[in-house]
Amino acid sequence: MPNRYICELITSNQLTDTAFAITVDCRELAAESRPGQFVHIKCGEERLLRRPISICRAEDSTLAFIFEVKGEGTRWLSECKPGDMLDILGPLGNGFALPESGNIIAVGGGIGVPPLLFAAKSLGDRVTALLGFRDSGKIMLKREFEEICAAVRVITDDKGYVTNLLEETLRNGGHDAVIACGPHAMLKAVAEICRRHGIPCQVSLEERMGCGIGACLVCACATRADGKDHMSRVCKDGPVFNAEKVVW
Amino acid sequence: MVDLRINFAGVEFKNPIVTASGTFGFGREYGEYYDLSKLGGICVKGLTATERLGNQPPRIAETPAGMLNSVGLQNPGVDAFIRDELPFLKSLDTVIIANISGNTVDEYAEMAEKLSDADGADMLEVNVSCPNVKAGGMQFGTTIEGVSSVTAAVRKHANLPVMVKLSPNVTDIAEIARAAEGEGADAISLINTLLAMRIDTQTRRPVLQNNMGGLSGPAVFPVAVRMVWQVASAVKIPVLGMGGVMDGDNAAEMMLAGASLVGIGTANIADPYVPLTVIDGLEEYLVRDNIAAAREIIGGVILN
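Those sequence lines, one after another, are chains S and Z. Residues 1 to 248, numbered by my numbering, are exactly what the first sequence covers, in order. Residues 1001 to 1304, numbered by my numbering, are exactly what the second sequence covers, in order.
Honestly, the hints are just simulated from the structure, not real lab data. Be a bit skeptical, because a hint or two may be false.
[Claimed, not checked] BS3-like mimics (lysine-lysine), calculated; alpha carbons at most 27 Å apart, straight line:
#: 1; chain 1: Z; residue 1: Lys1090; chain 2: S; residue 2: Lys236
#: 2; chain 1: Z; residue 1: Lys1114; chain 2: S; residue 2: Lys228
#: 3; chain 1: S; residue 1: Lys236; chain 2: Z; residue 2: Lys1038
#: 4; chain 1: S; residue 1: Lys81; chain 2: S; residue 2: Lys70
#: 5; chain 1: Z; residue 1: Lys1038; chain 2: S; residue 2: Lys228
#: 6; chain 1: S; residue 1: Lys121; chain 2: S; residue 2: Lys188
[Stated by the list, open to error] Per the computed footprint, the stretches of chain Z lying under chain S, defined by three or more beta-carbons under 8 Å from a beta-carbon of chain S, are:
#: 7; region: 1005-1017
#: 8; region: 1022-1030
#: 9; region: 1057-1065
All C-beta atoms in this analysis are idealised placements derived from N, C-alpha and C, irrespective of residue type, glycine included.
Bound-form chain Z, shown alone (with noise of 0.2 Å):
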């Protein structure tokens, strides 16, 4: 019997699988597929402080190994979060983790405040690299100043652990990732998607209404690995790794990168049960290499 148990900012997974921010919406879809107690973790729909309707459609365009998305934060705002999903989400035995969006620093604090007060949530998790929105999200996540005030803000009118998702749209990831931990952040989860776009020459429009979008799914994977593998080896609190996850071995390889949890994000999108097959199949990787607990795993690359 392999240990998947991971402790990770004070909060313990059953196992390390976490199904990532807005591909999941508030659990209850999937929860027509699968017992969602059987994640690690879920990480809800990124919330904002009022109500968002999100971009014009279309929304989504299929690229090689990957999709492009954009949203746009469309949710029904905290307090509704708070009064309508949290209670059914704190009644599953998951960790369940707040994804929180600002157009300010107040809104963040704002919503890290109330959150903090509700019962429910587990975790925070920071959005400050979406890519669809034109205020806030990744106009924070790309400099040292946004990531360090928005951070600050959070850590200080919280009180469950912080984590800060990361924007892989940016120069050198680990200086943001020690910003973000030098302000008091628990954990850093990385990354969100790559900003992208797709034209069609036909028409010569962009495919996404909204022009751009980000591209997630297995194209991102091996930039995801190496960009886990920096922040980890730059801080000493724990990374979430996600982007393009879709097996068992890809789990292991961003655990082995440095990762302690993984984030299931696209491969949702793609068939419903993918989360609960990469648990499965990380623990037979396990099983196969002998190894004893899954935390082992965690940063075990061997570098050349």
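Extracted from the complex, chain S is given alone in its bound form (with noise of 0.2 Å):
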């Protein structure tokens, strides 16, 4: 069940010149989370609102988190140090629905692909990663995916996309199933080379959110079930969707 923890930073280190990397201690939370899953983070009294962050790792009494510093609250996250305690709800969200067999390719993009390592980990080598990134200055988590993964592609913008490394992919044949995340128009046209290829995907949605437990609705996301248009919940309902599901 998800829950309110107070959890001190144990780790803090910059990755790229906007990602760091923190890890808190937790024992509970760890246990309770799954790939795919997200916590919510108070960042700083001052601001009213907590910042949703997927888990990137979850083993023992440690969870590790990746973010991105995009505003005032992710600054303040990445300015704390080892001994501060964090405010964090969760675990939050459905997670991946992972199959108990088959190969699976992971599609990640930028800062979505440290959630994609939690799910890696679990399936161990059925995983291929590929991951995109903008610049070489931005590649992340290669050496992590590499150890456990069957094989990993990174590229960056100027080589090609994550797409292009897809169809190459379920060309080769293979694979049985995809799980993505990354910015929404990678997402849109992961799912439609899945939908071409037969192959089912889910997908990893981001939403501006507020309660991030599925009340207040701010986080929606249009999705199509019943052969019927439906406004789900991005902290809820997701933030892991079926690709054919989703009203792209």
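Quick one: dock chain against chain with the hints and give me the complex.
Have a look at this one:
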């Protein structure tokens, strides 16, 4: 069950010019967390709203989160020091429905890459990771994926997109499902490619959030079910959706 | 032991703290965090005659000490609410307030009748103040004629206590409150959000997809206190005060201004446990000042 935890920050590292990795100590939260879920972190007393951040790793009593500094809240979080206490609500959202068997392609773009590491970790060598970044300075977690995945391919925007890699990988065959997290345009393209290849695809979406627990209805995402349009809640019904259900 | 009970428009509340409509869904989500029966009452998400999908995202933006929202009354419609949500709410040991919003006066009347016939709602909150919908909503709440016609229609078709939720986006809140009272409202609640806007200076686009939205949170608290005081001074019916209440001291302040009940809205979004800390904080305030019952501080402001 989700809960509010006051967790000690253990480490904080800058990964790229804008991305930071922090680890916190919380055995209960780590035990409850599943790949694809996120936490809602209070970023200082001055800011009313929490910041939703995906879970990159959860083992024993440690959780790792990787986030990009985009505004005041995430800047505050990036400046936290070991020993600081963080107010964390979680784990939230549904997470990926990871298949028991078969080969999975994990497609990540930019700051959408970290939650896929958590998924890859539980799938092991059944995963092929396709990771896209804007430029070489933004590349992160390559080594961590290489340690666990069957294959890892990294591409930067000057050379092409992860969607090119996905087309290639699917053409070669041998894969049963796709999981993806990244910018909306990338996810839309990934969903379209999977549809054409008849491969099931789960996408992890992002939207500006309020409560994070499904009550305030601000993080709406149009979905289609039973021949009807709905507004689903990214925080509670997602963040992971069956790509065919999303109204792109 | 402080007596926190409040009799409000004939309905018994175990304490003055009520979760505000639109920030609390139909209760289920917060029920995963604590026992909802600890609350004085729950105002459910605004209901409309038929399902509404709401506005396009982004629907939220943070602002200094507050936030904007432009949800646009996303809800499954009153019939689905009665069928799927009311039985659960009825099972809770707390007051259930159904919030209704119509495109037309007839829709308000129709919903009032349905909710009166259904078993489970203890009170109606008539929303004439939503800033995020094109038809209805605030359009009714900003004129005496609009508030009067909606209140009269609901009063005629409801056999539950009727509370009218007012918009702060008016020149004279007292005359609007008197209009509702004059048409038979049993109580007033205020404030809904303040119509607001932010623009991204880089893209030159409004940060909300709907361009405008409603401002809430601590930023609006002083406005809410002022309006609650003006309304409580102008009418004889009781007032539910809300707008930026974050802690027990804020709740006490709202009651001193004249509120009999206090709504918790945006604070739920910041932290799910706030209603419970507000109840505890209010009790501590009363104990500290050696006050036997919460109702004793209602309207207790000593004017200069």
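We went through each hint and held it up to the structure:
{"no.": "1", "hint": "Z:Lys1090 to S:Lys236", "verdict": "holds, 24 Å"}
{"no.": "2", "hint": "Z:Lys1114 to S:Lys228", "verdict": "holds, 25 Å"}
{"no.": "3", "hint": "S:Lys236 to Z:Lys1038", "verdict": "holds, 24 Å"}
{"no.": "4", "hint": "S:Lys81 to S:Lys70", "verdict": "holds, 19 Å"}
{"no.": "5", "hint": "Z:Lys1038 to S:Lys228", "verdict": "violated, 38 Å"}
{"no.": "6", "hint": "S:Lys121 to S:Lys188", "verdict": "holds, 25 Å"}
{"no.": "7", "hint": "1005-1017", "verdict": "violated (count 0)"}
{"no.": "8", "hint": "1022-1030", "verdict": "holds (count 6)"}
{"no.": "9", "hint": "1057-1065", "verdict": "holds (count 7)"}
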